[in-house]
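**Q** Protein chains in written order, with numbering that gives the first Met the number 0: chain B, 0 to 368; chain E, 0 to 255.
Worth flagging that the hints you see were computed from the coordinates, not collected in a lab. Careful, some of the hints might be misleading.
Which residues of chain E face chain B? A partial, calculated answer using Cβ under 10 Å [what the hints assert, rightly or not]:
(1) Asp15
(2) Leu23
(3) Glu25
(4) Gly37
(5) Glu38
(6) Arg147
(7) Val150
(8) Ile158
(9) Pro160
(10) Gln186
A short list of chain B residues far from chain E (calculated; beta carbon distances all over 12 Å) [stated by the list, open to error]:
(11) Leu14
(12) Val80
(13) Thr214
(14) Glu220
(15) Ile272
Subject to a maximum C-alpha distance of 25 Å in a straight line, what follows is the list of computed DMTMM-like cross-link-like pairs (lysine to aspartate or glutamate) [unchecked claim]:
(16) E:Lys182 x B:Glu316
(17) E:Lys151 x B:Asp314
(18) E:Lys47 x B:Asp314
(19) E:Lys163 x B:Asp351
(20) E:Lys163 x B:Glu265
(21) B:Lys213 x B:Glu142
No residue lacks a Cβ here, since even glycine has one placed at the ideal position from N, Cα and C.
One-letter residues, chain by chain:
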Amino acid sequence: MHPILGNLRRLGLYLLAWVPLAAILFYLLVLPGGFKWTSALAMVVPLCLLYAFMCLSAWYSCRSTPLETSSFSRLALTHLVTAIILSAIWVAQARGLTIALASFAAFRGIDHEFPPNHPLLFASGVLIYLLAVALHYVLLSMERTRELEKREIQARVLARDSELKALKAQINPHFLFNSLNSISALTSIDGGRAREMCIQLADFLRKTLGMGEKTVIALREELDLVHSFLAVEKVRFGARMSVGEEVASDALDCAVPPLLLQPLVENAIAHGISNLTEGGWINVKVSYANVAAKDTHAEVNGNSNLVIQVDNNFDPEMPRRRGSGVGLVNVRQRLTTRYGDRASFSAQADNDRFCVSITLPAEKMEAKK
Amino acid sequence: MNVEASRPLTAIIVDDEDLARAVLRELLEKHREIEVLGECANGFEAVKMVSERKPDLLFLDIQMPKLDGFEVLELIGSDIAVIFATAYDQHALRAFEVHAVDYLLKPIVPERFEAALERAKQRIGQPVSPPVTQLVSAMREAGQFAERIVVKDGARVHIIPIGKLDYIEAQDDYVALASQGKKYLKQQTISSIETSLDPKNFLRIHRSYLVSLERVAKVEPYGKDSHVAILHDGSRLPVSRSGYARLRGVLEGQSS
């Protein structure tokens with residue numbers, strides 16, 4: 000769609016911009032040219048109107064020779080040749096007009112008086128066309144900028160959307176129902192423990208809901224959430240569950256997306272411990288790795304990565320459950336949305352061991368204002 | 000109160016969580032007419048205990064270690080009234096397809112529990128007509144094929160992952176599942192087992208034989224009009240004329 004022809008308001012503005020051009024042409028014809036002002040007016044108005052529309056064709060040649068990719072010689076050649084051709088056509092039109100006007104009594108003799116002005120007309124035609132070229136290049140780049148902005152906004156909205164969706168999917172209803180069932184059992188067995196579990200469950204839910212609004216949290220907070228989660232699960236699984244944790248102390252202040260670690264632990268319980276009669280183990284490990292080389296002395300704020308690892312054992316003979324791995328897919332997607340290539344995610348099963356490993360840039364939490 | 004209460008009803012509770020079993024135990028305490036024979040924490044124990052003690056009623060969790068609730072049901076036969084108790088509502092449809100008496104959602108509502116028990120008492124003594132083996136296909140979710148087959152051998156349970164299954168041979172009312180040099184007998188028809196397997200991997204080469212395509216080493220002519228399939232482990236299986244046509248169709252489809 001032509002940026003000017005396709006938009007009435009712009010067409011009006013464009014034609015308005017032609018008024019001063021026409022005025023200059025009129026002035027040149029009347030004063031140095033010695034033309035009668037009525038004859039000059041009769042020539043200038045239709046000629047400028049015609050040429051205004053002819054100049055709109057600059058859009059096509061501008062589009063086919065973009066400023067960014069075309070060589071200077073190609074730009075100059077294309078536009079100069081077009082300018083000369085269009086201007087020549089314009090002069091021919093002026094000639095036709097003078098012949099037509101000469102048949103009226105008021106303009107008798109105009110077909111002899113006007114031709115000396117042809118060079119002036121030709122020169123202004125070339126100049127005006129080149130101005131039109133410049134105008135169209137400006138319009139084109141404006142359009143491209145707007146397009147880019149739109150795409151960027153769309154991408155941002157999409158990313159945000161998928162993140163929210165992922166967060167909503169995190170709260171597993173089965174976890175809730177099973178925990179509530181445990182509480183209902185405890186009420187008649189041991190009221191004190193039932194109350195304790197209610198408090199732990201509330202604590203976990205409050206933390207989870209609070210995290211949905213944040214974009215990053217300190218790893219310390221995420222580990223806190225994991226501990227509340229495990230406290231609830233411990234009541235359900237009792238001695239069947241054993242958990243190990245090994246976290247580099249500097250890592251606690253690193254910024255991570257919320258609900259990054261908890262889904263991994265939940266996954267480890269759902270597909271590990273809950274399928275093992277004799278019980279199972281989970282091991283959570285957080286460490287640093289230098290980006291360039293595997294250097295244990297990497298600076299926290301330098302080019303170092305945070306490596307989060309969750310290992311667990313499982314029963315390889317159990318068939319995969321439907322919907323398994325949704326939590327992991329969510330974590331992977333959120334990592335990609337936020338960090339792109341700077342983060343990596345891997346999940347591997349090796350005999351009866353399952354290991355999820357996440358690498359992401361280590362960034363310290365900014366100090367609270 | 001209950002006319003048939005002269006003989007106590009027997010029940011077994013199967014759930015992998017102590018506290019979940021405790022809820023059911025407590026709800027059953029009020030019912031003197033029901034005797035709880037025992038509790039199991041996984042599918043293996045459940046199959047063993049049910050075979051040995053033959054209860055009237057079974058409370059069954061679905062997601063459990065070793066065998067899930069549906070697999071337990073498949074192995075123990077159909078003359079036991081089953082009440083499922085689970086936190087997962089997406090299995091309800093399948094539960095009724097396998098003729099469960101009821102489906103209780105956790106946390107268990109006492110009124111719902113009483114209603115389920117009432118239904119179970121009416122059901123006990125009237126075994127459901129279709130044998131469970133024919134319901135196996137109903138137990139899978141639509142569009143999914145079995146990933147393993149469970150077989151009961153006395154009180155022992157064998158789990159055969161589909162990837163380790165070589166071929167299946169029909170033997171009267173049974174099928175023999177050949178896996179890694181051993182054969183396991185299961186009460187099921189070869190046609191019903193065929194529908195539960197991915198047709199991309201398993202092919203019916205004969206009225207009585209279903210073979211894993213990966214295991215077929217070569218096919219040789221055998222007598223007039225018939226062929227024999229030789230597997231990588233040396234087993235020789237007869238191939239019928241229509242079976243040979245199917246086999247050729249698949250093998251040509253793979254090479255093109």
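**Q** Are Pro160 of chain E and chain B close enough, Cβ to Cβ, to be under 10 Å, as the hint says?
**A** Holds: closest Cβ of chain B sits about 7 Å from Pro160 of chain E, inside 10 Å.
**Q** Are the Cα atoms of Lys213 of chain B and Glu142 of chain B separated by 25 Å or less?
**A** Given that 25 Å is the threshold and the Cα spacing comes to 35 Å, the pair is violated.
**Q** Checking one constraint from the list: CA of Lys182 of chain E to CA of Glu316 of chain B, max 25 Å. Satisfied?
**A** 19 Å, holds
**Q** Would the hint on Val150 of chain E stand, with a C-beta cut-off of 10 Å toward chain B?
**A** Since chain B brings no Cβ nearer than about 13 Å to Val150 of chain E, farther than 10 Å, the hint is violated.
**Q** Quick check on Glu25 of chain E please, does its C-beta sit within 10 Å of some C-beta on chain B?
**A** Constraint on Glu25 of chain E satisfied, holds at 6 Å.
**Q** Is it correct that the beta-carbon of Leu14 of chain B has no partner in chain E closer than or equal to 12 Å?
**A** The claim holds: Leu14 of chain B sits with its nearest Cβ about 64 Å from chain E, beyond 12 Å.
**Q** Beyond 12 Å from every chain E Cβ: check whether that's true for Ile272 of chain B.
**A** 9 Å, violated
**Q** Given the hint that Lys47 of chain E pairs with Asp314 of chain B, does the C-alpha gap stay at or below 25 Å?
**A** 20 Å, holds
**Q** Less than 10 Å between beta-carbons is the criterion; does Ile158 of chain E satisfy it with respect to chain B?
**A** Status holds, d = 5 Å.
**Q** Would you assess whether Val80 of chain B, listed as outside the interface, keeps its beta-carbon beyond 12 Å of every beta-carbon in chain E?
**A** 57 Å, holds
**Q** Can the hint on Leu23 of chain E be confirmed by a CB-to-CB distance to chain B that is less than 10 Å?
**A** 9 Å, holds
**Q** Just double-check Glu220 of chain B for me: nearest Cβ-Cβ distance to chain E has to come out over 12 Å.
**A** Given a closest Cβ separation of 28 Å, the condition holds.
Comparing the model with each numbered hint stated earlier shows that hints 4, 5, 7, 10, 15, 20, 21 do not hold.
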